[in-house]
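**Student:** Quick note, the sequences are listed as chains A and B, same order.
So in this note's numbering, spot 253 of the first sequence is number 253, and the numbers just go up one at a time.
Just add 345 to the spot in the second sequence (first one is 1) and you have this note's numbering.
Misleading hints may appear alongside valid ones.
Derived pair list, reagent style BS3-like, types lysine-lysine, alpha-carbon separation capped at 27 Å [to be verified]: (1) K417/B - K520/B; (2) K271/A - K662/B; (3) K208/A - K614/B; (4) K95/A - K208/A; (5) K319/A - K15/A; (6) K274/A - K412/B; (7) K274/A - K466/B; (8) K132/A - K15/A; (9) K95/A - K119/A; (10) K417/B - K274/A; (11) K412/B - K271/A; (12) K136/A - K15/A; (13) K647/B - K614/B; (14) K657/B - K271/A; (15) K520/B - K816/B; (16) K208/A - K119/A; (17) K614/B - K274/A; (18) K434/B - K412/B; (19) K319/A - K781/B; (20) K614/B - K417/B; (21) K132/A - K95/A; (22) K136/A - K95/A; (23) K498/B - K434/B; (24) K466/B - K417/B; (25) K614/B - K271/A.
If you're looking for bench data, these hints aren't it; they were derived computationally from the structure.
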Amino acid sequence: MEKQKENGSDRIVLKVDNLRIHYATPQGDVIAVSGVSFNLYEGETLGLVGESGCGKSTTAYGILQLVQPPGYIVHGSIEVDGTEVLNLTEEELRKFRWTGLSLIPQGAMNSLNPTMRVKDQIIDVIESHEGKQRDKEAMRERIFELFQNVGLPNRIYNMYPHELSGGMKQRVCIAMGVALHPTVVIADEATSALDVVVQRIVAQTLIKVKDEIGVSLIVIGHDMGLLAQIVDRIAVMYAGKMVEIAPVENVYANPLHPYTQLLIDSIPSIKERKPLKITEGITHDPRNPPSGCIFRLRCPFAWDHCAEVEPPPLQVEEKHEVACHLFDEQFEERRADAFATIANP
Amino acid sequence: MPSPLLQIRDATKIYASGGFLGEKKSVVALDNFNMTIDESPATITTIAGESGSGKTTLANLVLGFIKLTSGKIIFDGEDITDMTDEQLKAYRRNVQAVFQDPFGVYNPFYRIDHVFDLVNKHFSLSDNQSEYRDMVEAGLNVVGLYGEDVLRKYPHQLSGGQRQRIMMARAYMIKPRLIVADEPVSMVDASLRASILDAMLRLRDEHNISFLYITHDLSTAYQIGDQIYMLYQGTTAERGSAMDVIDAPQHPYVQLLIDSVPVPDPTDKWDVNISLPSEEEMRTAAAIGCRYYPRCPHRMDKCLEAQPPLFKMEKPKHEAACYLYEENEIAPIEPPMLVNQPITEAAIAAVSNRKRERLVAAALVIIAFIVGALLASTREPETIVETVVEEVQVVVTATAIPPTEPPTATPLPTATPESQVIVPAFVVEPAGAVDKGSITWSVDTVGEIENADDRHSYTFAGFEGATVELKLITGGRGLSGTGFYAPLATIYNPDGEIVFAFDRARRSNRGELTFAADGAYQIVIGADERGRGVDAYTITIDGDMPEPTPMPTLPPPAFVVERDGAVAKGVIVLGEDTGDEIQSVDDRHSYSIEGVAGTTVDIKLITGGRGLSGTGFFAPLATIYAPDGSIVFAFDRSRRSNSGTLTFGVTGTYELVLGADERGRGVDAYTITIVDA
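Extracted from the complex, chain B is given alone in its bound form (with noise of 0.2 Å):
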């Protein structure tokens, strides 16, 4: 079993202020608060609350900005309180950051280059120019955007989302396995917001990037979370799959929250007959017990008693702190930390060796503060909250802890994939689906499925013992192409029976398998019931070539031309651009190339315009024939680059035909490229 990625273990932050002469005010922005997530696959895990919740804390907290009080933050099997210099520069990789204001973090005197040629300075990506700028161009691709459009801007001249998403890129040129967004969309405008999250999605789902996603939108957390957090007052209130939280909250705080959020539909109004709580109602807290006891609805004396612990809910992994749901059983408290080192006889002494210099440094400062305030005033004011703290920690911590077993008595989980119950993504009849062809070994296989119904069939052969890996990829660019959905698919062995599925219960686009026999396996891909899946997509299989490999298939045409319907615009010259403009949706150009069979060209395509379809996310579509008439080449809505290369099979005319899909995308001005290879 692979080792969580992160893991916070009864992570307690208390702020102190005050202290010796004047009130002794502390505020515990986190308290005991455990998460974990996992390595793989990449999720997107949202941190949601109200102002001090203890949301930002915990962002700060990963982010190695401030300390614990008490807990443990666990990084990849390191704990990320003890490292040394080397370590934490290395955890730095891992761990990126994007915030909240798109504007704050720019200098406004340099052009946007800027920001990669520190990144590339600090993290030493590549000394090679060429290198490293295709580096930066391949971050910005992921994020959307391209390199020409935005490198030589400032700042100023582009918008929150654009600006947002350069973070993104900048964020991914590292190749992190962790990014802490805090409040990544919160300052840009609601149109915008999608293209933040889709390159949130894309990062997650094609680059296995995680994402601590704070924020206190619920809507954004809805439409890309994987796992939610709602904090209360530094607790946890509610946990589980975005979805069922959302859908069906069950803690009264989370209830209010969620009903309180506005539905974007006037005639859905709020019932204003509601008794909402007053603001300093909201403020206060109870000492001990249930946080949120002096706000609730249905609060009882035992709420006063103790914290509530997480109780499971009808959904797995949906808990919720709330004593109304008491008869249900106690979720098991957290896997035990998996640190790489195991605990030794030594560093158990070294711990408590720390406790004892504390209690000292702690009866030191005690002492400094009778001596005089002067002498406490000078030092450094971490040191006295720390001490402080510690002696505050004892008193919140014993109220606080729910009676639990020592980690070490939980039974390590162990690895179940094998008995796991594959569930079809839908159960399909084979003579309902379109045959599309055969899958090649490691070749991409798009296309894309146009409705609930529409059925995609693939065949591929299975050896036994083999195995191979599966993905599968969402394609377009347009406005289904956002992630949300990866198509769902269904794999058959020779005998007709299920033996994967991509369906909405896997939360991965990933997988393996492995042939218990020879024989010819069928993947299906289509949408379910609800529609969902209804995207162009691409999957890839994976694995040990067992025979020679057959020629590559042919891709699709980006649209089919009727030979006489293309407009011939004349003929390209290799590596030279010809400018141009796709005016309508009927609008076709031709080019014509002469192809020396066995060279190799780069071919370019780059959008021209900034309109609506200049975004780069349409980018026009281009099919390249061969002098018999067959599709060679095709930048269609799957292709996920507007680069490509072309081995010409025979020596000849080869015709290129630009123009824009039945849905008028990619009806735009276009540069295209071609150059000897």
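Bound-form chain A, shown alone (with noise of 0.2 Å):
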């Protein structure tokens, strides 16, 4: 409850506005994101969520600026606390980057330079963007600090990245995300490759460390049960479109989208046994996606309106918005009629 007050804020720090991305081949291109706008507020934690494919590692890597050719951003807005990173320079996205954003990669193990001890690695992010520092014992503090903010015992300062373990490593990279206090950290499946109790500790830490540095974070994530512990709002994707955003709390207790439930209804649990919810994914051509709602394709309760008209973000609540038909005013008699079928499966 606490918390909630504390992610409260209504300041938007990160703005992404109709953003789409393509990748080229020479097929046609393939639509990774298509056209989604979101709202990312201060000191707050947002989930990304989605099957594989889905573009939601697109999407961050769109907002970082980091995709790789044959990607390429087709048209959309970026505004990070007020600063519209589509129309940075290469000098200034530089800069920008780990002041700005930044971002904590997807297997720390392999993003670290192996032949390069771990000050070494911080000191460089450091210096890339304050200049040489001459005050060795004043540097020396400040990384000191940095590995007591992540739980990183200080003799690892002189080590290299393969004398650590795994989440020791991820570690590493939480402090460098943070080394220069950006406005918005982007975690990339930062824990799925760790055994659970450390996915807890280095998951724990992450939120620890977001919440004494007052950085807003996005986690990009598939392991449902990891992000209600750890997130303050969820977006779910479906074939590079947003198709709900809202407060966890909602998400799990009332998801309203269909794809929505999909997914929370596929979440295995150790708390009971229960039917396995049998789905295949994506199943459309992602070069010609199908017309009106993307995911009517495998929607129990699509019917005629939406393969002609493509469901907008509407706002449910505060914060919380879907894009699907069956909340819209006028179809609200469908509506009751699909959640009934829901309600006695």
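Given two chains presented individually in distinct reference frames, assemble the corresponding complex, making use of the accompanying hints.
**Tutor:** This is the structure:
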């Protein structure tokens, strides 16, 4: 409860508007992200979820301006604290990374330089933005403070990455990500390669550091259990579109979009045995998405209207939007029917 | 008593590195591990633990990829370490593997059918093309796929879940008795995992294939696992039924592990104040005594003396290796090994000879070392490792083995099915049961339990002394058709006494019943008080037919059609496709077929779309009516195939009506073919 108050800020730190990213292929463009818009509020942790290929990582890499060819941003706007990231020059962008936006990559094992000591990698990040630091002692203190933030022992200062465990390497990445107090940190599946106990330790560290340093966080993941534990809001993506964005409590207790419902239903539990809910993944050709609603081919409630009109995001509550025609007032009766089906499966 | 399928006794695997000049390090990956998997019923045995716990080592040992340092692995009575090439080939047929990465195992340049062609080539399954195609189709059907949807595709066109199920289908075609599945779902999206787990349950329940399911994901183990072994640094910390262990873990490590599984409920957040071990602590292990000592919040001096044996917990077969339970009885050591050949003196001599040879080899290697490191380095690394390992092993096992009786002292367990107390699945007031009719021997009877109070009752004739095989299969292919909770059933004898029960305690969907007296027996099918068993089901009673076969009972309708509710679409010409689409729950398409008495037709119904309902899980439903309006055939939820045959009883115009059920399943495009057989 206390946590909610803390994260209740209404100041928008990141505003993504109508972002579209394509991957060029000889058979035509694959639409990876298709008109995604959302806001990230100050001090908030936003979870970005969806099955593989839904565009969640591409969205994040788009925000960071790290989309690699053949991928390219078709259009959109990404504002961080009022700065339009897409208008930055190469040099400005370099400065902006780590201070405005930073990334904690997937699989920290492979993102640290194996030939550099831990301290040198962190110093490198700091010096690339603040210039050569003369006071070595102050720098050391600063790094020790970062270590303390993420729960690393000081003795790893002089170690090489291969001497650290997976969880420790992941913490080094967190330390680097927050070293320059960026406005927004994006953690891409930061804990998915770790054992559950270590995953818990690292995830808790991430949230603690976020609160202490006061950054806003986007966590990309597919572990709905973990996200329930650490995020404030969840944005659900399906085949390049954002289908629902809502406070985490709403998503788990009362998912609205049929795809979100499917996602919540498919969470395996260790509390009760329940029937397996069998679904197939995204089944349409990403070069040639269906007309109207992107989910209609798999949606149990789709009707003619869904093939004709693409559902716009509808605000159903504060900070809760859903892109589904069922929540349009004119289809209220249909929604009641659909939900009756869910209530009595 | 049948011999167990797989027995692992005192299995130890030590990896050694360094040596001679460098600092010698040895890692005990598996330490005196014991396990027994019964032959029947098939089970899913989960091996769980964090990385470095030895679970993948165990998988590799069972698959024969690496060799034990000491101990034995016996598969179906044969020691897998001493197999000839021929035996090894047979072993590979019996034990198949499904791996973690559903992307890496495919060659991206070949279509999916290539996978099956290779299997056919390697295992010579069939020379006959059409027979072979049927085998592939059957394999794919078992895992919920259809050949025409996947065979001509390239791997990248399929989802991870589909690719992993194709691997299961591939394994199934070889008809193994055990599948070692190493993290089969961990690289697949959560929403797609269910389909793989479902395939595993089907293979277990319908094809009697056991699984060694290696995972670090406890939630899937909880959902489908029968037994679970929780490994910690190469030892069994706790084992028992997956539900018992995960519901109420006893070992401190397992408690921490289960407590750390994130709960998918934002209102039930982690207690952030709990002190978690630092990661360095997590990697350290005590050299002697309990491996978990350095991290354990309950550690005692005693824990350093010797590794704790497995103590019995409250629930049957639930055991934990922790001195906190010292006052409990020590779990008996595993039943003696059942090896096909009795151990002869010659065999014993051979073993001791082999030991001597190894010692000589060890001495030779040491001499070789002294002669020069160069010579040693040109040797097969495996040889060196193994030899060094032998020395290390003496030290390790000396402290690790809990005092046990020699195996021969344990009496052979005797088979006691007759003396077993039969627990009713539920007690039925016969008046409350809905009488569905009678079961005809060897013919399936299908139905669906709608809710927790629904009871179906069937009667069948029993004859004194006759033995029948019973088989109860969960029927649906839909949401509830997961095989999780086979419907529960109780059989009453003519006196109303319970003589057989498919209940939760029975971990099999099969059984045998010998009738004690002639008379009408009653089988009542229903759900337990927690609603488990609410599902479609199929029950088969197989036995020697004591009397001439009565006419087979008709299948129940896929749906009941009001005759004027069906939309007539035209006439099906035998042998030709009619493609169309069911638009809504109420849409019905009706076709007529001219049937000639005595002729048989093959009917095949194919789902056309690839949407939600185009998954092959919900084929459109269809019912065939005879000229007199009676139902003679039904593609319904319980039918586990999209094809069937029909022999026309009379000459006349038959009507085929297609549609969806009341829950909208079957709303899809379809193609129907009827071919003169």
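**Student:** Any of the earlier hints contradicted here, and which numbers?
**Tutor:** 6, 7, 8, 10, 11, 12, 13, 19, 20, 23, 24
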